[in-house]
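Chemist: Listed below, chain by chain, are the residues.
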Amino acid sequence: MSVTFKVNGQSTTVDVSSDTPLLWVLRDVLDLKGTKFGCGIGQCSACTVQLDGEPQRACQIPISSMEGMEVTTIEGLSSDGSHPVQQAWMEVDVPQCGYCQAGQIMTAAALLARIPHPSDTDIDREMNSHLCRCATYLRIREAIHRAATIVVTE
Amino acid sequence: MATTISGLDRREFLRVTTLAGGGVLFGAYSASPVSAGVLEGSEPAADFALNVFIRITPDDLVTIISKNPEIGQGIKTSLPMIVAEELDVAWRNVRVEQAPLDTERFTAQSAGGSYATPRNYDAMRRTGAAARHMLVAAAAAMWGVPASALTTVSGVVLHGASGRRATYGELADRAAAMTPPDLANVPLKDPKDFKIVGTRVSGVDNLGIVTGKPMFGIDVTLPGMKYAVFGKCPVFGGKVLSANLDELVAEPGVQHAFIVPGGDNLAGLLGGVAIVADSWWQANKARRKLRVEWAEGAHANDSSVGFAARAARLSKSEPEVASTQDGDPDAALAGAAKIVEAEYSYPFIAHASLEPQNCTAHFHDGQLDIWAPTQSPERGRDMIASTLGIDADAITVRITRSGGAFGRRGNTDYMVEAAAIAKEVGAPVKLVWSREDDMQHDFYRPAGFHYLKGGLDGDGKVVAWKNHFVTFGTGGRPDHGAASMRATEFPARFVSNYELGTSFIPYNIPTGYLRAPRSNGLAFVMQSFIDELAHSAGIDPLELRYDILSAYKAAEGSEGRGRILDPARMRDVLQLVANRSAWGKVELPRGTGRGIAFHFSHRGYFAEVVEASVSNSGVVSVNKVWVAGDVGSQIVNLSGAENQVQGAVLDGIAQTLGQEVTIDRGRVVQSNFHDFPLLRLKQAPPEIEVHFLKTGAAPTGLGEPALPPVVPALCNAIFAATGKRIRTLPLSNHDLRWT
Ligand code: FES
Ligand code: FES
Numbered sequence: 001m002s003v004t005f006k007v008n009g010q011s012t013t014v015d016v017s018s019d020t021p022l023l024w025v026l027r028d029v030l031d032l033k034g035t036k037f038g039c040g041i042g043q044c045s046a047c048t049v050q051l052d053g054e055p056q057r058a059c060q061i062p063i064s065s066m067e068g069m070e071v072t073t074i075e076g077l078s079s080d081g082s083h084p085v086q087q088a089w090m091e092v093d094v095p096q097c098g099y100c101q102a103g104q105i106m107t108a109a110a111l112l113a114r115i116p117h118p119s120d121t122d123i124d125r126e127m128n129s130h131l132c133r134c135a136t137y138l139r140i141r142e143a144i145h146r147a148a149t150i151v152v153t154e
Numbered sequence: 155m156a157t158t159i160s161g162l163d164r165r166e167f168l169r170v171t172t173l174a175g176g177g178v179l180f181g182a183y184s185a186s187p188v189s190a191g192v193l194e195g196s197e198p199a200a201d202f203a204l205n206v207f208i209r210i211t212p213d214d215l216v217t218i219i220s221k222n223p224e225i226g227q228g229i230k231t232s233l234p235m236i237v238a239e240e241l242d243v244a245w246r247n248v249r250v251e252q253a254p255l256d257t258e259r260f261t262a263q264s265a266g267g268s269y270a271t272p273r274n275y276d277a278m279r280r281t282g283a284a285a286r287h288m289l290v291a292a293a294a295a296m297w298g299v300p301a302s303a304l305t306t307v308s309g310v311v312l313h314g315a316s317g318r319r320a321t322y323g324e325l326a327d328r329a330a331a332m333t334p335p336d337l338a339n340v341p342l343k344d345p346k347d348f349k350i351v352g353t354r355v356s357g358v359d360n361l362g363i364v365t366g367k368p369m370f371g372i373d374v375t376l377p378g379m380k381y382a383v384f385g386k387c388p389v390f391g392g393k394v395l396s397a398n399l400d401e402l403v404a405e406p407g408v409q410h411a412f413i414v415p416g417g418d419n420l421a422g423l424l425g426g427v428a429i430v431a432d433s434w435w436q437a438n439k440a441r442r443k444l445r446v447e448w449a450e451g452a453h454a455n456d457s458s459v460g461f462a463a464r465a466a467r468l469s470k471s472e473p474e475v476a477s478t479q480d481g482d483p484d485a486a487l488a489g490a491a492k493i494v495e496a497e498y499s500y501p502f503i504a505h506a507s508l509e510p511q512n513c514t515a516h517f518h519d520g521q522l523d524i525w526a527p528t529q530s531p532e533r534g535r536d537m538i539a540s541t542l543g544i545d546a547d548a549i550t551v552r553i554t555r556s557g558g559a560f561g562r563r564g565n566t567d568y569m570v571e572a573a574a575i576a577k578e579v580g581a582p583v584k585l586v587w588s589r590e591d592d593m594q595h596d597f598y599r600p601a602g603f604h605y606l607k608g609g610l611d612g613d614g615k616v617v618a619w620k621n622h623f624v625t626f627g628t629g630g631r632p633d634h635g636a637a638s639m640r641a642t643e644f645p646a647r648f649v650s651n652y653e654l655g656t657s658f659i660p661y662n663i664p665t666g667y668l669r670a671p672r673s674n675g676l677a678f679v680m681q682s683f684i685d686e687l688a689h690s691a692g693i694d695p696l697e698l699r700y701d702i703l704s705a706y707k708a709a710e711g712s713e714g715r716g717r718i719l720d721p722a723r724m725r726d727v728l729q730l731v732a733n734r735s736a737w738g739k740v741e742l743p744r745g746t747g748r749g750i751a752f753h754f755s756h757r758g759y760f761a762e763v764v765e766a767s768v769s770n771s772g773v774v775s776v777n778k779v780w781v782a783g784d785v786g787s788q789i790v791n792l793s794g795a796e797n798q799v800q801g802a803v804l805d806g807i808a809q810t811l812g813q814e815v816t817i818d819r820g821r822v823v824q825s826n827f828h829d830f831p832l833l834r835l836k837q838a839p840p841e842i843e844v845h846f847l848k849t850g851a852a853p854t855g856l857g858e859p860a861l862p863p864v865v866p867a868l869c870n871a872i873f874a875a876t877g878k879r880i881r882t883l884p885l886s887n888h889d890l891r892w893t
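Residue numbers (the numbering used here), protein chains in the order written: chain W, 1 to 154; chain B, 155 to 893.
Please note that the accuracy of each hint is not assured.
EDC-like cross-link-like pairs, simulated, lysine to aspartate or glutamate; straight-line CA separation at most 16 Å [said to hold, decoys possible]:
hint	chain 1	residue 1	chain 2	residue 2
1	B	Lys577	B	Asp545
2	B	Lys836	W	Glu142
3	B	Lys615	B	Glu686
4	B	Lys367	W	Glu75
5	B	Lys470	B	Glu497
6	B	Lys836	W	Glu126
7	B	Lys836	W	Asp19
8	B	Lys836	W	Asp124
9	B	Lys577	B	Asp519
10	B	Lys367	W	Glu126
11	B	Lys439	W	Asp19
12	B	Lys836	W	Asp122
In short, the hints are calculated from the structure, not lab data. These numbers come from a predicted model, not from an experiment.
Chain W on its own, in the form it takes in the complex (with noise of 0.2 Å):
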C-alpha cells in the first residue's frame, strides 16, 4: 500500500505491505540507519522515533497507520549533534558500544521538552523501557540532568 507521511519535516511516500513496520520503512527503504533493531517485540526500544512529540516503539507500528503522520528520527533531531541531549551524551560520553544510544536519546529529548527539569524518579520512570546492554544507566540519568541545564542557558 502507498503511505505518505512525515519523515523528519520532510513528505515522503512509500509502498510497502500495509503490515510492514515503520522500524524497517525507515531503515531499509528511506536508509535511515539511525534507528536500530533489538528485539521486534517492543521489549527494548532502541527502535524508538517520536511520532507527533511522543516517544514510540517503531518495530510495533505498522506503516499503514502511519498516513498523515510526523515521525521525528535520531536524524532529525539534529545532524550536526547540536541538540542540547545530544551534546550532553557527548560531554558525559554515555555511550560504550552505542547501539542502544539513538533511542534513548530520543526519549530523553521527549521527556525534557514535556519536563524541563526532571527528577530521578522522572527519568527512571520514563526510561526504563530502554535496554541498554552495556548498561550505561548510570551515565544517561548524568546526562539528562546536564540536558536540563544546557536547555535553560540556551
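Following the hints, position chain B with the ligands against chain W.
Modeler: Here is chain B with the ligands on its own, set in the frame of chain W:
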C-alpha cells in the same frame, strides 16, 4: 621513499614513508607477527606486538589507524590517546580510522581477553615517541640547531632561543628523510607529564552515535543488496531433511529459498534454510511459513534438569580426574573443628548483545567481500575460506563497529552463514538474525557445578578445601568452551590442604567466552563459599579474606608473568574497598545487608562491596556498589575506564538477578528479552563508586575483571540481609520473602 631500521635486540622496526599527497606515514611493525589467537586461554607470545600507524598531513591533522575491532570497550579511543600523548599533539587534531582486516600489516586484530591494553601500551608509546623524535630531528636539520635545543607542544616544534616554530604538518615531508630512532631505546615521557593519557576523553565515535550515523554491521548497505534470514535447527547441529521451499519462494518479495546442508562443527556452518528477499521484513515474514523436517540428532532429549541430575550423581563418586592436590585434605578435614559442605551451580547464560548477529557478504568474480561486526575477523575469514573453499587471499573483511559483543563475536558462525548464502545468490546479501535466533543460537556461558567441602580449625583458620567440579566434556577433558579451572585458580596455594577434582558430562550445547570467562562463574562459587566459612567460624568475612590472602605459598615454577594472583595487590584493593565503604562500621536496617568479594582475572585485581535490600515480598534492590581495582600504573582513559567498570558491575548484577538459559528437549527455552531479562534503568543503583589503585605494575585491561566479584558480593549481601545463602543462580529462582 622509505627508511627502515631495526630495534637492536627486539624484532620491531619503524618504517617511515612520504605520502603522495604530502605528509608522512609512520608505521611500526613487528618482524614476526604473533598469531591472532588471543582470546582467553591463549596468551600471546609476547606482551605486545608492534603495529601502530600514524599519518601526519600538511593540514596538521594526525590520523591514527585503529586496528582492533571496537565493540564498546573503547579501544578506538584509548589506544590512539597513548600514541597522541607521546607524539605530543593536541587531541582535537587527532582523527582515528578503523583498519580493515590485514594481518600482514597489523598482526593480531581481535578483541577479547582484555588484552589490547597490555599488548599495545608500550608499543603505542614508543611509536608516538619515535615519530616525535623524527619531527624534532627534521626541524633541527632545517634550522641548523641541535635537536636538544628544541621542544614540542601540541603538534608544534619550538626553538626557544630564536623563537622559531614549525608545525608537525609543515615538517612532515622532511621528517620522512630522517633516520628513525631505535624503538627499544627511544626516550619516553615521564608519566607525570602526561596531558592526554589519564584524562577523561569522550569516545571518538560519539558524534556519529548520537546523530545516528550508519556505523554498525547491521547498517551496511550495498547497491542491489538482498536481505537474508537463516533458520537453523532448534536442536544444535540438527540437519534439514526437507523444507517447503516452493511455498517460500511464492511469498511476497522472496527471491530465493534454499537448504544449506551444513556440517557438524557447532562453531561453524550448521544446516538450515536460507530465505533471501528484497527486504528483511519480507524475508522474516516468509519465515513464519517455513516448515522443516529436521534430523535432530542424538541430543534432542538433553535438558538442564538432566544435566543437574547427572552432576548430582557424579558428585557421589570420586572425581573422574584428580586435577590438583596439595597437602592431605582428607586428613585435615578429619581433624577439623568444623566442616562446611555446600553445592554450588551456575546456569548457561546468553550474551544478548543488543545488535543481533549480522553480516553482509558479496561474492563476485571469485572474490568475497565481507562486512562484519566481529571480534575475530581473521578467524571469520579463515573459517569462510576452509568451509566454502575460497582462497583466504580472495576474501576481504571490513570490520564494522559492534553493537556489543561480550565475547559472542569471537565466534564467526554468522559470517560463514552470510558468505555461504551470498555465494549461492551472487548479489550482495545482508544476513540479519532475529533476536530469537540470537538468543537460541549463542555460544553460551557454560554452566558449572561445584561440590565443596571446607574445614576450619579451632581458631577459624581454613585448613582444608575440596572442590569436586562437574563440567561438560568427554574423555576426561572439558570440551572447547566448557567451564574449566586452572590448577592455580584461587584458592589453590592459599589453603595448605587443597584438592580439585573434575568430572564431565557429555553435551552438545555451543558454549564459549562471555565477559570474564570462567571467572564469572568461579568467583561466585569461591567467594560465596568463603563467606559461608567465615559465618560458620564466626569471623568477619573481610577478616577471613585477609587471613586467607596472608596464607599464600608460592609454588615452584610459574605460569608466566602477571598470570598468577599476587596476594599483596589483592590485599591492597580489599583494604581500599573496605575503607571506602566503611565496611563493618555502618548500622543497616533489617532486610538490608552488605557483601564483599574479590577476584583476580585478566591480570586485574578487583574487590567489591555491594549493599542490597530485600523487600518483604522478596524483591532485591541494589543500593550501592563500591569498587576498588588495580590494573597497574596507568588508567589510559578515565572516562572509558569508569564506564567499563560500572558496565561490568551492572552486567554482573543483571546475571545474578535473573539471567538463565535453560535447555529442554535439546533446545533453548528462552527466546527474547521478556524471558531473558537485561538490567533496566530502575534496577541500577544511583551510585557505583570506582576507585583505581595505581601500582607499579604495567597497565592492563578493563573490559572484564570488574565483573566477577560483584556476583558473590551481591549474593553475600543477600545473606547478610536475609540469612538466605544463595548457592544457585539466578536470584529469580529463589524465594527471598521474609517477615
Ligand atoms: S526493536 Fe523495537 S522495542 Fe526492541
Ligand atoms: S551502549 Fe551498548 S547497548 Fe547501550
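Chemist: Would you pick out the hints that fail for this structure and give their numbers low to high?
Modeler: Failing hints, ascending: 7, 10.
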